[in-house]
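Q: The letter at position 294 of the sequence shown is residue 297 when you use the working numbering, and the numbering goes up by one with no holes.
Don't read these hints as lab results, they were simulated from the structure.
Don't be surprised by glycine CBs; every beta carbon is placed ideally from N, CA and C.
This list has only true hints and no planted wrong ones.
Label-pair restraints from in silico Cβ distances:
(1) LEU332 x ILE96: 25 to 31 Å
(2) ASN244 x LYS150: 45 to 51 Å
(3) SER158 x SER326: 54 to 60 Å
(4) CYS80 x SER253: 38 to 44 Å
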Amino acid sequence: MVRNVGLDFTRSIAILMVLICHGLSFFFMNHNVIGYVYVFGYLGVELFFVLSGFLIGSIMLKDIYHKPKWKNLYEFCAKRWFRTFPAYFVMVIILYFVQKDNFNMQTLFFLQNFRAEHLDFFAVSWSLSIEEWFYVLFSIFFLFLAKIRNSSKKSFILVVVLLLILLSVSRVYYVINYSPLWDFGVRKQIPLRFDSMLVGVLLASIKLYYNKIYEYIPKNRFYLIANLLILFFFGVLYVYNGIVHDTINSSFYGRTFLFVIVSISCAILLVYFEKCKINDLSQGVVKKLITFLSKTSYSVYLVHFPIFMFIAGKYQSNPSILSSLFLMLLSLVVTYAIAITIFLFIETPFMQMRNKLFPNHAKDGVGRY
Numbered sequence: 004m005v006r007n008v009g010l011d012f013t014r015s016i017a018i019l020m021v022l023i024c025h026g027l028s029f030f031f032m033n034h035n036v037i038g039y040v041y042v043f044g045y046l047g048v049e050l051f052f053v054l055s056g057f058l059i060g061s062i063m064l065k066d067i068y069h070k071p072k073w074k075n076l077y078e079f080c081a082k083r084w085f086r087t088f089p090a091y092f093v094m095v096i097i098l099y100f101v102q103k104d105n106f107n108m109q110t111l112f113f114l115q116n117f118r119a120e121h122l123d124f125f126a127v128s129w130s131l132s133i134e135e136w137f138y139v140l141f142s143i144f145f146l147f148l149a150k151i152r153n154s155s156k157k158s159f160i161l162v163v164v165l166l167l168i169l170l171s172v173s174r175v176y177y178v179i180n181y182s183p184l185w186d187f188g189v190r191k192q193i194p195l196r197f198d199s200m201l202v203g204v205l206l207a208s209i210k211l212y213y214n215k216i217y218e219y220i221p222k223n224r225f226y227l228i229a230n231l232l233i234l235f236f237f238g239v240l241y242v243y244n245g246i247v248h249d250t251i252n253s254s255f256y257g258r259t260f261l262f263v264i265v266s267i268s269c270a271i272l273l274v275y276f277e278k279c280k281i282n283d284l285s286q287g288v289v290k291k292l293i294t295f296l297s298k299t300s301y302s303v304y305l306v307h308f309p310i311f312m313f314i315a316g317k318y319q320s321n322p323s324i325l326s327s328l329f330l331m332l333l334s335l336v337v338t339y340a341i342a343i344t345i346f347l348f349i350e351t352p353f354m355q356m357r358n359k360l361f362p363n364h365a366k367d368g369v370g371r372y
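Based on the provided sequences and hints, a complete structural model is requested.
A: Written out as structure tokens, the structure reads:
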């Protein structure tokens with residue numbers, strides 16, 4: 004099975020940004036880093052969303068949209084759940100014994116995003132809820148679309164674009180009428196965040212149906228420079244200033260169009276990463292490190308937050324930079340030790356079982372997703 008190093012690199016960047024976000028928030032909050040916390044956390048998760056939409060969108064197109072059978076829908080969902088459920092529910096069980104009082108049934112059904120206090124039990128699970136519901140709802144939707152439109156490529160792209168517009172309009176309506184907070188009220192709400200993954204699906208469809216356009220994008224550096232400028236000024240800088248100056252919760256742009264603009268920028272970066280020279284790396288240290296960070300990213304994402312919280316709560320008595328740095332490094336070591344264990348003894352056996360049950364999935368080179 005051939006791995007795309009560029010996509011692994013994207014996933015590695017995403018998990019490192021999330022780790023930096025929570026590392027700063029738990030160990031360096033006395034050093035005026037609040038703006039950086041949200042910038043790293045927001046962009047890291049957005050990269051995950053777009054990458055997930057791109058990879059899973061490719062599978063949806065191949066296995067559901069172009070083979071619209073209920074059996075394929077069942078296999079698609081089963082394969083996804085073999086990938087995501089085992090490690091997730093292992094963490095739920097562990098957290099249940101650690102903080103039983105915060106447990107809520109919504110976490111078992113990926114419905115914890117609708118009330119802020121429900122996320123106290125498993126804080127980072129909000130993004131997984133969005134992804135899981137996206138997989139289920141849109142795989143069903145694309146199956147029906149394929150049956151109605153006879154798997155037309157133009158219909159698929161048109162519908163995805165219309166859905167992106169509809170979701171943006173829905174977010175505008177919601178913000179105008181309910182004035183939600185930026186983070187929990189918009190960023191973490193299931194129906195309002197499907198657009199990030201839909202951008203990834205749109206990118207997958209462009210790669211499949213209009214590959215010449217997809218191949219042309221990374222050949223022109225102008226697009227990369229323009230995209231980085233847009234991402235910086237209309238994404239990074241806007242979020243940073245909004246958090247530092249406490250204006251993000253009242254910002255119309257920040258709670259509406261920011262999300263789709265940043266998602267599109269992440270999608271364009273994804274094209275460059277997939278096609279960049281990093282894919283030419285031989286089996287050296289750098290490639291092995293990227294592959295390691297990518298493979299363990301899901302387990303690391305699941306386990307790091309409670310570990311950071313425990314170590315910070317127990318040992319963070321001296322606010323000096325040196326002690327904070329030491330505790331953060333200690334947290335990372337513990338995180339990766341536990342994450343590697345979960346990857347080796349939970350994730351890997353279930354993925355091997357999945358590939359035996361669905362051998363075509365492994366043969367097609369998507370067995371790791």
